[in-house]
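Place chain B on chain A using the hints.
2 protein chains.
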Amino acid sequence: MKIVCSRNSLLSGLNIVSKAVPNKTTMSILECILLETDKDGLTLMSNDMELGIETRVEARIETPGAVCLNAAIFFDIVRKLPENDVTIETDASLKTVISCERAVFRLMGRSNEEFSYLPDIEKFDPVILSQLTLKDLVRQTIFSVSVNDNNKVMTGELLEVNGDRLKMISLDGHRVSIRNVELKNSYPAKKAIIPGKALGEIAKILDDSEDAEVMIYITGKHCIFEFGETIVVSRLIDGEFFKIEQLLSTDYETKLTIRKKEFIECIDRAILLVREGDKKPVVLDVQDEELRLRMNSNMGSMNDELSISKQGKDIQIGFNPRFLIDVLRVIDDEEIDVYMVNQKAPCFIKDSAESYIYMILPVNLPME
Amino acid sequence: MKIVCSRNSLLSGLNIVSKAVPNKTTMSILECILLETDKDGLTLMSNDMELGIETRVEARIETPGAVCLNAAIFFDIVRKLPENDVTIETDASLKTVISCERAVFRLMGRSNEEFSYLPDIEKFDPVILSQLTLKDLVRQTIFSVSVNDNNKVMTGELLEVNGDRLKMISLDGHRVSIRNVELKNSYPAKKAIIPGKALGEIAKILDDSEDAEVMIYITGKHCIFEFGETIVVSRLIDGEFFKIEQLLSTDYETKLTIRKKEFIECIDRAILLVREGDKKPVVLDVQDEELRLRMNSNMGSMNDELSISKQGKDIQIGFNPRFLIDVLRVIDDEEIDVYMVNQKAPCFIKDSAESYIYMILPVNLPME
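Quick note, the sequences are listed as chains A and B, same order.
Oh and the first sequence: position 22 is 22 in our numbering, straight run, nothing missing.
Oh and the second sequence: position 63 is 63 in our numbering, straight run, nothing missing.
Bound-form chain A, shown alone (with noise of 0.2 Å):
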């Protein structure tokens, strides 16, 4: 193989690739990127067995060919080349020469027989949005999927499409996360639970740009993603999402209005005093148009107030303050409403179209 092509566009390739190399793997091929030819360019490609990525680089094509390259030294290589034309040649034993300028790099190189090819699956069907929308999708939703939960399917999101609609839910054992968005098209129904690693992964590499759009596949065992020159496939999760029509009651009684950038600077004070791991609620009490915080820990206690706005009775109501952090900081709104019932009820934060609903369910109140 002999190919030559831009630094720039080799190095933007590279960046989108990395994203499914894993960090640590005792196959060491997974640690691999495979640089293929066709006829109009290069293909870069990894697969870390649950999430692959394949990208296109233009280049000038000299010998067709492929090589496997071990990701990590390639990458670090190209980001430290001069911005210039770049050539890539590999000899028959795989013995890889990578020249710009004057500066050259041998690497041993590893044949595409070893390596995992993404799985050829047929498409059809794409459900189509912006790619910022998708990026968005996945900051507002993905803070709440659980890590290493023994329930894989808490692990992943639920993505579902219902005619204009798509919603993507996920949840851990303490709070639910919920957005909603409308399609330009109608689309027939369809779902699928997506590793939360998968989407951190896409929403990386996604354009920040409401015009490019993402095209996105749901098979029996399998997500695709393609915008621009990438495709990602990523395998799901298998099981049944959690019903969680039934947790969304809309009854409340107290409904509080409040300003949003006041609330998360009083939150943040209140973290102050707990340590990682520590499980100290943080206490809203309401009584009539104020907020009262507060917070105890072994460091010391914090007493805060807001102006709000309420509907219904006082509330007196114990949070892990990091859960509403993480609710607010992904809200756009500049007021917010909270929906509450008693001190063990869940508590809802959702807008009036419910295109956003996070419920977080409260901690018992400390003794006193």
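Just so you know, the hints here were simulated from the structure itself, not pulled from any lab data.
You may find that some hints are simply not true.
Since the list gives no way to pick out one identical chain from another, each pair is judged satisfied if it fits inside one copy or across any two copies.
[Unchecked claim] Listed below are the simulated DSS-like cross-link pairs for lysine-lysine, each with C-alpha atoms no more than 30 Å apart in a straight line:
hint: 1; residue 1: LYS221; residue 2: LYS190
hint: 2; residue 1: LYS80; residue 2: LYS350
hint: 3; residue 1: LYS279; residue 2: LYS95
hint: 4; residue 1: LYS80; residue 2: LYS280
hint: 5; residue 1: LYS279; residue 2: LYS344
Then chain B, alone, in the frame of chain A:
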């Protein structure tokens, strides 16, 4: 004690004194910052027994007094307070209330009687230079201070004043860094070995402006840095510093003049192939007006070339690439001069005025 001060002034003061709060200590009082009033305002003080810092904050004193507060928590709280006036009030039992707008924190303070005040040292004959110059001197030499060396003297830097010259020297087993600057005034000869750690912390809080000055007082056991509203006291390291003059030969067989930016880029690329702890040298092979660099490691190999100016013999010599990079990064000149004798002898990078002299020992060339 009851005082009122602006949150921003308090934050600046805490940023300064926090540099002498140890990360780990068995003496919990060292983790505290002392707040003490006098008739004009508030003094903040910290002391890890090697390094002590005191700075002043403008404040309205309502009731004079003193209290010690845990540095980490207090700093975090002030950072998160609104940008407004902060009131700090302590009662007889040292319960401390920190309030700002509607936020109120309560912490348990400790008595100033437990605190180790800075030693009361008679100050005379300060050496005066600009804060920026001192900051630069530290940055340009601190990388070759030995860390955790058995030889205590090597964990410090020699600061030596002679007439209107100030010299700073650091060294580890493989290299020596020397910087010389001219002072505005002339002083009697004096010298001190200052702990590298103290210098590193002082450099962080020195001003970036040419105009602001620092006064340095050297006494038998301490070095005092006075600048702005801040006083830093560092213990000195006992002992005799190395006589490095005998190492500083001016004979050479080869002199290279190299464009620094290109040289850094080449060495940066060579380092890609060296893992932390690995001792692979970068080999410099000088032939006529060409400097060829090569690096061979288990990961692969690199070759690169630079056009240079040369006086004297061709040479082939190996270096730890990180030692070269450390020096190149702190030299401001666009071209550097490198002086060498042979493969085994120290190499010097210095300017003609000897405002800087860096010595690096070569490493054995690998068998190839």
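Results of checking the hints against the structure:
no., hint, verdict
1, LYS221 - LYS190, "within (13 Å within a copy, 77 Å between copies)"
2, LYS80 - LYS350, "between (47 Å within a copy, 27 Å between copies)"
3, LYS279 - LYS95, "between (56 Å within a copy, 24 Å between copies)"
4, LYS80 - LYS280, "between (47 Å within a copy, 19 Å between copies)"
5, LYS279 - LYS344, "within (17 Å within a copy, 61 Å between copies)"
Every hint, counting from the list given before, is met by this structure.
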